[in-house]
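S.K.: Those sequence lines, one after another, are chains A and B. When you number the first sequence by the numbering used here, it's gap-free, plus one each residue, and the end is 250. When you number the second sequence by the numbering used here, it's gap-free, plus one each residue, and the end is 250.
Calculated from the structure, these hints are not laboratory results. Any given hint might turn out to be false.
[To be verified] Capping the alpha-carbon separation at 16 Å, the derived lysine to aspartate or glutamate pairs in EDC-like fashion look like this:
(1) A:K5 <-> A:E67
(2) A:K77 <-> B:D117
(3) B:K77 <-> A:D117
(4) A:K5 <-> A:D94
(5) B:K214 <-> B:E137
(6) A:K42 <-> A:E67
Protein chains: 2
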Amino acid sequence: MRNLKVTLSYDGAEFSGWQVQPNAITVQGTMASAIGRITGEKVLPQGSGRTDAGVHALAQVMTFVTESSVPTGNFLKAMNDILPASVRVLEVMDAPAEFHARHSARAKTYRYRIYRDAICPPFLARYVWHYPYPLAEEEMARAAALLLGEHDFTSFAAVDPERGREHAEVTNVRTIFASSWQRAGDELTYSVRGSGFLHHMVRNLVGTSILVGKGTLQVEDVTRILAARNRSAAGATAPASGLYLVDVEY
Amino acid sequence: MRNLKVTLSYDGAEFSGWQVQPNAITVQGTMASAIGRITGEKVLPQGSGRTDAGVHALAQVMTFVTESSVPTGNFLKAMNDILPASVRVLEVMDAPAEFHARHSARAKTYRYRIYRDAICPPFLARYVWHYPYPLAEEEMARAAALLLGEHDFTSFAAVDPERGREHAEVTNVRTIFASSWQRAGDELTYSVRGSGFLHHMVRNLVGTSILVGKGTLQVEDVTRILAARNRSAAGATAPASGLYLVDVEY
Chain A
1 MRNLKVTLSY DGAEFSGWQV QPNAITVQGT MASAIGRITG EKVLPQGSGR
51 TDAGVHALAQ VMTFVTESSV PTGNFLKAMN DILPASVRVL EVMDAPAEFH
101 ARHSARAKTY RYRIYRDAIC PPFLARYVWH YPYPLAEEEM ARAAALLLGE
151 HDFTSFAAVD PERGREHAEV TNVRTIFASS WQRAGDELTY SVRGSGFLHH
201 MVRNLVGTSI LVGKGTLQVE DVTRILAARN RSAAGATAPA SGLYLVDVEY
Chain B
1 MRNLKVTLSY DGAEFSGWQV QPNAITVQGT MASAIGRITG EKVLPQGSGR
51 TDAGVHALAQ VMTFVTESSV PTGNFLKAMN DILPASVRVL EVMDAPAEFH
101 ARHSARAKTY RYRIYRDAIC PPFLARYVWH YPYPLAEEEM ARAAALLLGE
151 HDFTSFAAVD PERGREHAEV TNVRTIFASS WQRAGDELTY SVRGSGFLHH
201 MVRNLVGTSI LVGKGTLQVE DVTRILAARN RSAAGATAPA SGLYLVDVEY
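Turn these sequences into a full structure, and let the hints steer you where they fit.
M.R.: Right, dumping it as structure tokens:
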């Protein structure tokens, strides 16, 4: 019996999110089906976390247990030959039996891409949030820095009783190690690395940053919003299309 | 009455090609519908040429005649507000009455993108041809140079009696002004500028270049294939996903 760790990348626009569900093409379901064809086993791979419909992954991590005799080194090519081009396996490794893609994760990095010019190239429409309106980017950078460190992020978490119960989260406290905006050409990108992220947390941080950029909120309001521990204190959820899971650290 | 010249860009993966057809989402049909909503007129815009399903455009050009009172300067925003994000209008200009997107074109530029590394990022799958096998790129460059100048390109034209009749092409002679391969990172790109292009011509040139790169054909075979004036002398048609209409000159 082997516990395999798989790193994969996918175009979120082609999937109804990570989590398997009936009558929808999901990443988890697509991966389970590929594993089934290779090993003959029915397994449900466990991701480092769910990504919502439209959210992309540069390097998602998943684990699954197999009793098959297929060598670990053969899985990458076998999977990529079967999978649609919208998802690619980048690495397959043997992992210790106790290793779990979600429980063992120590940090994650996300990126959020905003396209700023008036006309968004059609080739980017699925891969960014097109926001061509004025933004005070310096203020957004200052607001991002206020998120660093350990905070209760309840104000930035989806009000999502189903998911809350299932995951049995005991706390909404997370630690943010890096949080910054970068401008390159017509793109404005938010990068955030943290111990973990609540459902919709990055998209809610971006939606709130936009309110700071527009002047609807002041930079210091971010501290007030964190203290409120109330979803309604923060801004709207930014669109899924701009969000990328970039890295999972163990 | 005004004759309007529109420059537009589209993600070919989202359309069943340029030409309007029943029960399919086409660029021409989508543009006609947007014009109809703005002007109330039923018009079929004329493109500089058809692009097939999956073929992209960085700058396609089309013309249409309108009797509406909508100012020319208002069309760009009005169209982009209506159109799906997969097609964007880049420019709208008044043109002389005799100007026609196809008949007035004097030169066109196409680009063809090939992705060479073993694993194609899922975000590029719709926008390149993934060809990870060995290629003698120097030989391909030499073959591309043999296409320069005036030639009968029958060997590289789709055998397509329907279209031939409709267009009433009297000759398959075209002049190629530029033809070259460039390597940048994991991408190998063919750029070609010519007086005009026959149906499938760029994709057939690329398919034949690949045979030169593989060593199935020698560089000098390109001259023999041109002289044969027979489609079966040349290589297979390269996939639509890698092809971009880059520029139309008048």
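S.K.: All the hints need checking, so say for each whether the structure fits it.
M.R.: So, going through the hints one by one against the coordinates:
Restraint check: the Cα-Cα separation between K5 (chain A) and E67 (chain A) comes to about 14 Å, which is no more than 16 Å; the hinted pair holds. Between the alpha carbons of K77 (chain A) and D117 (chain B) the distance comes to roughly 14 Å, so the proposed pair stays at or under 16 Å and holds. Between K77 (chain B) and D117 (chain A) the alpha-carbon distance is near 14 Å, which keeps this suggested pair within the 16 Å criterion. Of the pairs offered as hints, the one joining K5 (chain A) and D94 (chain A) holds, with about 6 Å between alpha carbons and a cut-off of 16 Å not exceeded.
The suggested pairing of K214 (chain B) with E137 (chain B) holds, with an alpha-carbon distance near 9 Å, which does not exceed 16 Å. Restraint check for K42 (chain A) and E67 (chain A): satisfied, since their Cα atoms lie roughly 11 Å apart, inside the 16 Å limit.
The structure shown violates none of the earlier numbered hints.
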